[in-house]
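Residue numbers (our numbering), protein chains in the order written: chain A, 1 to 139; chain B, 1 to 199; chain C, 1 to 139.
Honestly, the hints are just simulated from the structure, not real lab data. Please note that the accuracy of each hint is not assured.
[As the list claims (entries may be wrong)] Just some of the chain A residues that point at chain B, by a computed CB distance under 7 Å:
(1) A29
(2) M44
(3) A45
(4) I61
(5) S63
(6) A70
(7) T77
(8) A79
(9) G83
Beta carbons: idealized from backbone N, C-alpha and C, even for Gly.
If you want the building blocks of each chain, they are given just below.
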Amino acid sequence: MGSNHDDISFSDYALRQDQLDSIEEILLADLVDHGANNVLLIDMAGNIIAHKNNGQCEHDIYSLAALASANFAAVDTMAKIIGEQEFSLLFHKGETESIHFSKVSSDFLLIAIFGKSITLGLLRLKVADAINKILKIMK
Amino acid sequence: MAFVNMKTKEVQAKIVFYGPGRGGKTTNLEYIYKKFRERIPTEMVSIKTHGDRTLFFDFLPFDIGKIMGYDVKVQLYTVPGQVKYDATRKLVLKGVDGVVFVADSQVEQRKKNVLSLKNLQENLATYKKSIFKVPLVLQYNKRDLTDMPLLPVEVMEKDLNSQLKVPSFEASAVTGQNVVPTLKKIISATMASLQNVLK
Amino acid sequence: MGSEYDDSATFSEYTLGPEQLDSIERVLQNDLIDSGVHSVMLIDMAGNIIAQNDNGQCDHDLYSLAALASANFAAVDTMAKIVGEEEFSLLFHKGESENIHFSKVNPEFLLITIFGKDVTLGLLRLKVAEAIKKINEVW
């Protein structure tokens, strides 16, 4: 029975190893190499699909992924309550580190943690590029 | 951390349904929502995954009427039960006034019940609350299942309630059996602990 | 083990008398609603609504919004800690016609404003900052 499998989430999507490899290459080449410190592709349940960082991050990425998916879903629900389809932008700014959220598709979110080595403008551009490429791979 | 509004004579209290994943926390709230639809003016809020698992919480505000001259609103929340959601689960517990622990009666879930209760104790402690002092009710859910081996109630009492010694109910959230008595019990326990302030 | 716990005080550490609540509601009215904000709530971190005001044309589900806003604020706050930030400074979500803005009043309280096109974000921030200052003076 299903209840045995509490820790296993069955997903609607299936990604092959070569697809995951390609996605990680994109995270690295488009985002980390341009100054993003830590990048995660997660699903809406908070599972980490792919991640890359600059080798200097020791963030607890599992908690981060769970919190990020919950944050996104809570914001989405608030949007519905006040009569909006969705809110366009999700970005949190800190003193030195900031977090940027982007919806890749109805199943996935791209989370980028970045500092002062990349501007928000450039990051957005790079995130948009990366999302386009990731979507092509997932097809 | 209930809030008493002396001006509007309104009390808001937070009751959280805790327990292992797929134990029936959300089903409890859904039953309450269905049963008391006319007293709950808003939609139930559920933040869940595409796979229908609770991701952050369910939320149901429930107006229970006047107690000692105050209009009492209990806010019912569930937590995500899956182990991996501990960070979010902890957040939902903030400011909790009463807890319903929904245990899964299936034999194969025995260990998960114990681990989840221990997790509740740890997470309450991060808010400087003791599981021995917070208003708490246990619910042994899924007693309606006939095709699965179930734990005898005595075993569940021994596993979960031998030290706590709090009220417990055999229940079925799916059929609604003892869902309302569980709710009534936690509300009265929570209100009793708040009463000194209302006087 | 009792001494390290404080459950006997299940109640909020703050108490607000009717006069204080009146003063707070007056601030919400004069500084925010009269400036064009559609709906405003002062909530605590557990999701309780402390004070509320609107322009009479909103029928949002306020209790749900308060629950979502407090939980979401906590999620964002935890993410900040994970990436090594004290807190994230800005929490604002933009929709097609309605926007939502969150501000921390103090460690206990959040101010939530919902506003449309009749207030700019700049003006809103100014008004929110003033309101917060006044609210903090009330107790």
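- Task: Return the numbers of the hints above that this structure violates; sort them in rising order.
- Result: Numbers 1, 4, 8 and 9, in rising order.
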